[in-house]
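S.K.: Sequence:
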Amino acid sequence: MARSLAVGRPYLAMWVATLCVSSRSHKPNRSYFHRRNGKVFSKREGQSGNLGYCNANMQDEGQTSTSKDEAQNTSFQQEVQAICQILHENFWGDNAAEKLKQALKKLTANHVLEVLKRMENVEVSVGFFLWAGKQVGFKHNSVTYHGILKLVGCKQEFQCMKRLLVAMKCDKCKLNTVTFNIIISSYGRAGLAKEAWATFLKMKVLRCVPDILTYNSLLDAHVKKGDWGKAKDIYAQMASSGPSPDSITYNTLIDGLTKLKRMNDAYLLLGELIRSGYSSTSDSYNILMKGLCQEGRVNEAYCLMSNMLRNGCRPTVVTHNIMIDGMCKIGKVEDAAKILGAMHEFECSPDTHTYTVMINGYTEAGQMDKAWSLFLELKNKGYIPDVITYGVLMDGFCKANRLEAAFELLVEMLGRKISLNTIVYTMFLDCLCKSNKAKLAHTILDDMVCNHCIPDAITYRALMNGLSKSGQTSRAYDIMMSLVKENTYPSLSNCKALIDGLCKSGLIEEAMTWFDKLNERKVDIITYKLLIGSASRAGRLDDASKLLKKMSQAGFDTSRKYYLNIILGFCNQGRFDSACKVFEDLVSAKIILSEVTSKDLGDLYCDGRDTNSASTLLYKALENAPANHFSSFVEVLFVLCQGDNTYLVRQLLEQMMHKPCFSTILDGVKMLLAWLSNGELQKSMLALTGLKNL
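Quick note: the sequence shown, position 624, residue 630 per my numbering, numbers continuous.
Simulated from the structure, these hints should not be mistaken for lab results. Note that this is a predicted model, so its numbers are computed, not measured.
Okay, derived cross-link-like pairs now, BS3-like style, lysine-lysine, Cα gap no bigger than 30 Å in a straight line:
| # | residue 1 | residue 2 |
| --- | --- | --- |
| 1 | K180 | K200 |
| 2 | K265 | K344 |
| 3 | K338 | K376 |
| 4 | K178 | K200 |
| 5 | K200 | K231 |
| 6 | K231 | K265 |
| 7 | K423 | K405 |
| 8 | K423 | K440 |
| 9 | K387 | K423 |
| 10 | K296 | K200 |
| 11 | K140 | K168 |
| 12 | K210 | K175 |
| 13 | K111 | K175 |
| 14 | K535 | K587 |
| 15 | K385 | K338 |
| 16 | K440 | K376 |
| 17 | K387 | K296 |
Work out the full structure, taking the sequences as your base and the hints as a guide.
M.R.: Pasting the structure below:
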């Protein structure tokens with residue numbers, strides 16, 4: 007699988023870094039890039055959706071020498087299509103470069119821009135861009151650099167973006183406001199508000215004047231990050247020395263306030279937008295309405311929809327979708343249906359999403375017949391249901407245990423060649439497992455894998471839980487093993503889900519096997535605790551103690567209760583030597599003993615099965631008692647006295663006299679010893695009761 011682009015590809019940046027041979031170059035029209043080992047790319051990476059231009063508003067003015075007529079020219083479009091076809095078939099390498107030379111008579115900036123708009127793979131796009139810069143008679147300008155910067159920024163390849171900026175300077179292309187806007191918005195989309203702000207400061211140092219898009223991108227970055235204080239500072243800066251805020255500025259701030267649940271402030275800001283003379287768009291209302299609905303304040307959102315009309319703003323399909331969804335979520339399904347029915351009054355037609363939201367409302371309310379009728383209406387009116395529409399309806403049928411109807415929808419989806427996602431498959435698998443249809447579930451799982459839909463943690467959990475509840479846990483385990491044999495190896499989260507299911511089903515041996523596989527990668531504290539608890543409950547104390555030691559060695563904080571459970575478990579099995587070893591591990595881990603720990607050890611001694619070992623543990627506990635922690639041992643003494651174990655009580659009291667942490671009750675300890683020596687047990691119990699209440 008392709009590596010995550012979110013973290014960037016160092017080798018891509020290194021490749022781009024073969025730039026700027028020197029400022030003394032005699033060929034400034036070249037891009038100063040070269041390929042490593044004669045090839046730029048030889049490996050095919052996974053592709054995501056068409057990136058296009060992530061910010062259509064970032065327009066370059068007056069920098070292209072080619073006209074719009076060229077872009078609309080049929081032969082030009084054919085040339086662009088031919089370039090894209092070559093790149094799609096060959097990716098990047100010498101073969102692609104050679105074919106491009108044959109396909110093009112003359113390369114222009116518009117060729118480069120159009121290709122970049124259509125390309126999906128960032129590496130191939132960069133390869134093409136570098137190749138273009140080497141062609142005789144062609145020189146990259148600011149516009150073409152902006153094209154590649156937008157694409158690379160969308161993919162969050164920030165090291166590559168920095169190298170391209172260096173190359174841009176080497177090609178004597180001036181960094182302008184558009185350049186910085188691309189960088190700032192790219193950082194903002196990635197949640198890197200700090201980097202966006204640093205770029206803004208650099209922009210000002212270079213005396214590049216920020217425009218409204220700059221400030222809006224900065225605002226968006228900090229609002230998404232949740233840094234409302236910084237967002238307010240940016241807004242104040244706009245008011246004092248920057249461009250006047252526009253509707254996008256206000257919408258960004260309103261969105262931030264709703265996410266912070268500051269609805270009253272969002273209302274005030276919407277009012278300010280209206281008073282400022284800007285034409286308030288439906289977007290402004292929609293943002294606030296969505297926030298209100300998410301807070302359950304659906305009636306207020308409905309009133310706001312009425313205010314839209316009074317202010318001359320017509321509700322859109324998005325507005326109606328928000329209100330229908332809000333009404334459904336608070337159980338007012340019939341009111342939601344009325345809003346759907348009244349859409350035509352606003353000259354607004356529903357879309358597939360509108361129907362999907364309403365169908366979901368009916369399914370959540372258990373009104374499957376109405377959901378089905380609306381689904382048929384959707385199709386009869388010419389709308390095309392998507393995977394989400396089918397998924398919502400399937401989920402409803404599964405929950406209603408109408409498996410045949412759900413299966414028919416699944417068949418219909420496959421017949422229409424709709425790509426089923428993991429969610430839809432998992433939903434159906436969960437339903438089949440719970441209905442004791444393991445064989446059919448296995449068939450669907452095979453189909454899922456054949457369609458290159460990779461099971462995720464939820465899929466594994468659904469299989470394990472569903473089959474376990476129907477008494478077929480071993481069957482679930484077999485299914486998982488068959489996936490591994492087919493090289494569909496579960497991810498880290500899937501392994502954890504499988505261990506969780508196996509533990510809950512009592513299959514500790516199998517869980518330990520998977521833990522060993524997982525341990526070769528990375529184990530988190532949750533998995534450790536799950537296995538330790540399950541192994542302890544199953545009486546596999548040796549495994550539990552080994553896991554606990556591993557957990558401590560891995561640097562995780564170990565819990566007192568896990569040590570105590572294992573110690574008591576060993577004691578209950580009569581294995582006091584093992585219990586003592588675990589107690590020593592507890593002390594080595596520098597875990598502070600609690601009152602509960604000491605009391606449990608006292609109870610253990612009173613059971614009388616192995617008083618010598620129990621007393622040894624009590625002495626160890628006393629030796630490691632923390633400062634000012636006498637209450638735990640007062641509780642122990644109280645328990646021991648109730649069991650008439652005065653001999654041990656006297657021994658413990660004598661030991662307590664030499665512990666600094668018991669100095670505050672030294673007189674009481676001496677008095678207790680005297681009473682016990684004289685056989686006055688009742689007085690001793692009263693004294694202990696008093697000490698307990700200190």
